[in-house]
Structures are given as structure tokens and as C-alpha cells.
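One letter stands for each residue in the lines below.
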Amino acid sequence: MIRREQTRRTARERSEAEGYFARLEERFEEAEAAAGPVSPTVLGVAGTTVELRLAGRALEPVLLPALRHLAVPAPRPDGLTVLAFDSASTGVDPPPPPAPAAAADPEVARILQRGAGLFSMLDRRRSVALLWTRDAARVPWNEVAAPLRMILQPWLAPRGWQLVHAGAVGTHRGGVLLVGRSGAGKSTTALACLAAGLGYAGDDYVLAAASPAPEVQGLYASAKLREDRLDAFPELARRVVNPRRGADEKPVLFLDDGLRAHLVRRMPLRAVVVPRVTGTAEPALRPISAAAALAAAAPSTLFQIPLDRSGALRRLRRLVEACPCWELEAGPDLAGIAAAIGSLLAEAG
Amino acid sequence: MSSEVCFHVPGSHVISETLDGEAVVINLESGVYYSLVGTAGEVWDALRDGATRSQLLAELARRYRAEPDALRAAVDRFLGEIEAEGLVVRRPAERGTTPLAAENGGAQTLFEAPRLERFTDIQDLLMLDPIHEVDDRGWPHQPAGD
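Which chain is which? The protein sequence lines are G and F, in order.
All letters in the first sequence, in the order written, are residues 21 to 369 by the working numbering.
All letters in the second sequence, in the order written, are residues 321 to 466 by the working numbering.
Hints may contain errors.
Derived, one-sided and incomplete: chain G residues facing chain F with beta-carbon distance under 7 Å [unchecked claim]:
| no. | residue |
| --- | --- |
| 1 | Pro-114 |
| 2 | Pro-117 |
| 3 | Phe-139 |
| 4 | Arg-201 |
| 5 | Ser-309 |
| 6 | Ala-310 |
| 7 | Ala-311 |
| 8 | Leu-314 |
| 9 | Leu-333 |
Which chain G residues stay away from chain F? Per the calculated CB distances, all over 10 Å, these [unchecked claim]:
| no. | residue |
| --- | --- |
| 10 | Pro-95 |
| 11 | Ser-147 |
| 12 | Ser-231 |
| 13 | Arg-246 |
| 14 | Ala-281 |
| 15 | Arg-286 |
| 16 | Gly-299 |
| 17 | Ala-318 |
| 18 | Ser-330 |
| 19 | Pro-344 |
| 20 | Leu-364 |
FYI, nobody ran anything at the bench for these hints, they're computed from the structure.
Heads up, the beta-carbon is just placed ideally off N, CA and C, and yes, glycines get one too.
Next comes chain G alone, as it looks inside the complex (with noise of 0.2 Å):
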């Protein structure tokens, strides 16, 4: 097991959930022994390490277009631990679900999130977390573009980072984070700004904290597009990787090779932005209250993330109670998009 020797609690004193997710690793080392071992890929997240250990290969094109270009050397003593296996290509299953009502136990984690086929969990004493789907050739593109969101979250929640339902965009002095419900225009106004040349840190999923001082960073090297948007955005619509997607898959595209450069790990956050794209009206940015936008980042980011929604709720609370909120009413003037959010930033300094 990971970290055996971090584990002082005998089998008694160990809850219901530990001893699932016990038996949960004994199951990936199974795996890993059946399809060999992969060597680890640690990432650099939020000032820390995310070491992923995959059995065999089939869940490296599930895992790591979005997370690689965050590659470092080494882990960090502080990391994380992520196994993660799929039966299909392994022929292992996981344990038995434990008996009904046992698995009360505020430090192990687990999500599963039954329409995309994942089950997740995390043992925040150890540090360990494990990720288990039934086929890894099967997992939505949704989740492909935003991987590992249901461990990062609750083991990154204590150091006090949200995983936020939202884009972002700005350079590294300086970034405006872009909430709102799926469908407002996130996504458009972050890829208009990223074909305008400002930096880019997510249009989906970025992470972001109050304190010391408002900060966002980028996580994954992916977009999505809108289909009625894939004429606006030729240069990002032949990087679609997903052509022979689902009705209610968009396309997706990772940001490698000559949109690399355009990632930006972290920024200072200078704003909330709630865009509307509408369609019809010029790009005009108003002010907005905390309370408004915190009406538009909290619902999707509480319902996409169902872990510790007061405690996201709060944190959610404490971002945009520390920067300036807008409104950017926008229609179809990408550029016209990309200036006023430009304006914005260099407004903010």
C-alpha cells in the first residue's frame, strides 16, 4: 500500500470508508501488476505535487492531455497520490460496495459520478486518492478536458483553493476570473480572449483563492467550444479532438504545441467578470455586486463540485468580496470581447 508506514491506526480504529478504500488499493496494485507499470507523472498544482500513478496506459489519454504541460521533476513530501485504473484493460474489478450507511467519515472523500462512470476518493490522512472507472475508452470528453476534479477539490478545499465553474484569462501581473452558468458565454469570451494574445488559464475549471491575495491559477491545457461557435475560432476548431462526439459532447481541444505558450499558470486576480453574450449588443462592462456575482460563479461550481458546498460557498463569498465585479454584456465582436476585458485589466494595473 501507498504510504503504509503514515498509517498508525489498526484495522479496528480504521473507519467503514478507509477499510473500502484499503481494499480499493489492493485492487490498483492488482491492476497495475496485470497491465505493468507506467512511470509516475507528478504534476505541479497550487504550490504542490499530484504524483499519478496509472495502471497500464489505457487511462493516460483520459488523464494527462489536460494535466501534462503542469509536468515537474519531483514530488513534493507535502503531494498527493493519485492511482488510478479502469477494469477493462486491466481485468480487475473494484471491492464490493462496504455495508449501507458505513462510510461516514469526514477525511475520506468519494464522489461517484454515475453518468460520466467514475468513482473517486481520497484519504485526506494519507494523502492518497484513487481513481476507478469501468472503461477507460468510454470516459466523456467532459471529463477528458477536466480530469481529477473531484479529488483536487476537497484535497486542495483546506489550503483554501476552489475549484471554480469558471474561465479565466490576463497575464501574469494581473486576470479576470470569468463566471456564470453554462451557456452564458465563459468560453467565448475566454478563447476570444485567448485569439486576441492575453494569457489563458482555463474557460471550464480554474482554481482560485481569496487569500493572502486574490489569486487564480490554471489547471488543465483544454478548451471547449460551442458548435454554433466553431466558425468563429478557426484556429482553435482544427485542434478538435473529438469529432465523433455525442449529441451533448462539445467539441473539445487541448492547448499543446503553438498555444502552449498561451497558458498562464497563475495570475493576481483583479476581477470577476459575468459575461452575457447575447448576440446582439456591443461589448459594454458594468459594475455588478459581490452578492451578483457570487449569484453567478456559486450555483454551477456548488452542483458540478458537490463536495462541502457551504465551506465552497463561503470561499466562493470571500473572491468576489475581494475584487471589483462587472458585468460584460457582449455580442457577436470577439475583438470588441477581448478589448474590454483588456481595458479591464489594465484599468486594475
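With chain G held as given, fit chain F onto it using these hints.
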């Protein structure tokens, strides 16, 4: 409303934050969320602090310039709305309820009716991909159980 009543937030599935007098309230079970504007944020915080309806009306009348009947009607309408939405549950007030702390030093700002803005766009998201956190369905299933 003749007898004295107060309202409490039912359980942990209704969460909220109030910023500068505006409250954001989220019902985690239904996926419906709300912006509480006008004086609704103040009303919400007062209810969470245990204010009775009478205390609430008295405090708003002290803080704001308003026709008493209009103020009462606006507050009762709002209380009815948040009760109907399941954000609060009405119950008889206990004796000895602490009066509300006075604010604004008696300033006579014009009363703005408490208003509830309701949003349902997240519900679609919940229907699309239910995510189970800690209930007993939230475990990997064997192939036969899929």
C-alpha cells in the same frame, strides 16, 4: 397573521451567504437558487437570527419610511414566497425572543420591498449527470449491478 410566528431554515440543504444586504440562497436538493434583493437580504438574516414576524416588521418600520400596511403586505408576501419555496418553515415563536439589534440609527430611508428572484437553470444540470456524494448509492457497482 394573528399569533406570533418565526421562521427557520429547514436543514443543511438550504445554504446562503449575505453580502452588503443581498443574499444568495441555494436549495441543494432542488437545484433552485435565489437572489434576495431589496430588503430581502436583511429580512433573511433577521429570520436566521430568530426574529419573529412582529419583531421583523417593527425593525423594518424603524429603519425605513413606509406606510405600515404596505410594509406589512410586502413582508408577508415575501415570507409566503420563501415558505412556499421551502426555504423556511413557519413555527410558533418561543417566549423571550431577543429583539433585533437596532441599525441605521433611525434613518428614514425609503422602504424597498423584499424581493425573491428565482433561478432554475442548474436543475437541468442535475438531471443530466447526478453525482452521488455520501449516500449509499455512491459506490462502484459490479458489472451485474450496472
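To see whether the hints hold, each was checked on the structure:
Checking Pro-114/G against chain F by beta carbon gives a least distance of about 4 Å; that is within 7 Å, so the hint holds. Given the 7 Å rule on beta carbons, the hint for Pro-117/G holds: about 4 Å separates it from the nearest Cβ of chain F. The interface hint given for Phe-139/G holds, since its Cβ lies 5 Å from the closest Cβ of chain F, which is under the 7 Å cut-off. The beta carbon of Arg-201/G is positioned within 7 Å of a beta carbon in chain F (closest approach about 5 Å), and the interface hint is therefore held.
For Ser-309/G, the suggested interface contact is upheld, since its CB lies about 6 Å from the closest CB of chain F, less than 7 Å. The interface hint given for Ala-310/G is met, as the beta carbon of that residue sits about 5 Å from the closest beta carbon of chain F, less than 7 Å. Given hint, Ala-311/G at the interface with chain F, holds; its Cβ is 3 Å from that chain's nearest Cβ, closer than 7 Å. The closest approach between the C-beta of Leu-314/G and any C-beta of chain F is roughly 5 Å, which is under the 7 Å cut-off, so the hint is satisfied.
Given the 7 Å rule on beta carbons, the hint for Leu-333/G holds: about 6 Å separates it from the nearest Cβ of chain F. For Pro-95/G, the shortest C-beta to C-beta distance to chain F comes to about 27 Å, beyond the 10 Å cut-off, and the non-interface label holds. For Ser-147/G, the requirement that its beta carbon stay farther than 10 Å from each beta carbon of chain F is met, with the minimum near 20 Å. Every beta carbon of chain F lies more than 10 Å from that of Ser-231/G, the smallest distance being close to 17 Å; the non-interface claim holds.
Against chain F, the non-interface label of Arg-246/G holds: every CB pair exceeds 10 Å, the least being about 16 Å. With a least CB separation of 34 Å from chain F, Ala-281/G remains clear of the 10 Å interface cut-off, as annotated. No beta-carbon of chain F is positioned within 10 Å of the beta-carbon of Arg-286/G; the least distance is around 26 Å. Against chain F, the non-interface label of Gly-299/G holds: every CB pair exceeds 10 Å, the least being about 18 Å.
Not every CB of chain F is more than 10 Å from the CB of Ala-318/G (nearest about 6 Å), against its label as outside the interface. Non-interface status of Ser-330/G relative to chain F is broken: a Cβ of that chain comes within 10 Å, the nearest being about 5 Å off. Taking the minimum C-beta to C-beta distance to chain F, about 13 Å, the non-interface status of Pro-344/G holds against the 10 Å cut. Even its closest Cβ contact with chain F, about 21 Å, leaves Leu-364/G beyond 10 Å, as expected for a residue assigned away from the interface.
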